[in-house]
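So the sequences go chain by chain: A and B. Taking this note's numbering, the leading residue of the first sequence gets 1, the next gets one more, and so forth. Taking this note's numbering, the leading residue of the second sequence gets 1, the next gets one more, and so forth.
These are calculated hints, taken from the structure and not from any lab test. Hints may contain errors.
Any copy, or any two copies together, can satisfy a pair, since identical chains are not distinguished.
[As the list claims (entries may be wrong)] Below, computed lysine-lysine pairings styled on DSSO-like, alpha-carbon distance capped at 27 Å:
1. 34 to 207
2. 154 to 102
3. 203 to 141
4. 158 to 34
5. 102 to 203
6. 141 to 207
7. 203 to 158
8. 207 to 129
9. 34 to 109
10. 154 to 109
11. 129 to 34
12. 34 to 144
13. 203 to 144
14. 158 to 129
15. 154 to 144
16. 141 to 34
17. 144 to 207
18. 158 to 207
Residues per chain, in single letters:
There are 2 protein chains.
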Amino acid sequence: MEKKVSGSVINRLPRYYRHLTDLYDSGIERISSKELSRRMDVTASQIRQDLNCFGGFGQQGYGYNVEFLKTEIANILGLNRGYTAVMVGAGNMGRTFATNTKFESRGFKLIGIFDSDPAVVGSDIHGIKVSAYSEIGDFIKENKPCMAILTVPKEATKSVAEELIGYGIKAFMNFSYSELRQMEGIIVENVHLGDSLMRLSYKISEKDESGER
Amino acid sequence: MEKKVSGSVINRLPRYYRHLTDLYDSGIERISSKELSRRMDVTASQIRQDLNCFGGFGQQGYGYNVEFLKTEIANILGLNRGYTAVMVGAGNMGRTFATNTKFESRGFKLIGIFDSDPAVVGSDIHGIKVSAYSEIGDFIKENKPCMAILTVPKEATKSVAEELIGYGIKAFMNFSYSELRQMEGIIVENVHLGDSLMRLSYKISEKDESGER
């Protein structure tokens, strides 16, 4: 990739990738920006503008080649680079995320799950045996995962992150209620499902006030 | 609320609300935009700009009154309006979300959980008994929940949403892999945890290419 792509386009790319994967899986070989626009509830001009950032894969009167575009977006997102991840925390959230997520088509292979609770160490989550948290340092030094997913209690977030950074981890997906601050040279993605509830609350109250309900 | 607030400010408000709640819970009564900026990794001018949308709660040399600002943002988000929600799907994701989420401080009271699998009907999730999905129509007509949370299999998403709209539901938080399309008069928030993985993959590969690793 030669060209710097804007942050807002990058934020939209995973959604393009999901839609193109669904189209590809349904055997659809090409799609017009108009039809993609209808499926994604995005204007056709937004789609053309977003996808033109990468040199424009569409041809007038032909539309987009679904497989080609899907592959290009996967390349841009780095989904085929074989990145690896470990998860810390084998509670409800860890278990659900590890079980429900198509890691490998999202760019990562989950190679280890760790917990400090002896009651869950040794149990199996989606084919991975939960290891004792005390073993994580050696595991990281040996296997050099690119990323750690944190599903630990709020109080433990900062200290676990600092310990893992000490072992060489440079990226985090953090599910715990406590936000990880941005740190120099460290990539952080904080996930807050409650924020979606608050946005819904706002939208419902806005509609209430406009008298639509 | 008199003034129309932009979508991007609204998207940031839940985060302000979380940070202000943490400050309030720690007994902090007032905070400067500089200190709030440091804690939130947002520029102080961004904070002033965002919060000035609502008439500006800050005073030069005094900073923001934490409780007042938290309460104002809660009012704007409609968190104190006693909205109610039902959940459809008592699998891993439904169970985890119902258990881990502070619904009431996020604007909603969860009043019912439904599933079509007889094996989970009657079980208890965080104090709520799972009911048979066949009973949801009567329940909605009687209790008029404002919103439904869908944690159903991909294939069922569209038909469940259509059925619930028929019963009067006008807002959805959708966790299933299949996106719900925007529909006239219906509020939809689709949640895709895998998108965070793809964004991380992008950021890691971008860093790889810049030779930082």
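Kindly indicate which numbered hints from before are broken by the structure, ordering the numbers from low to high. As far as the earlier hints go, 1, 8, 9, 11, 12, 16 are violated by this structure, in ascending order.
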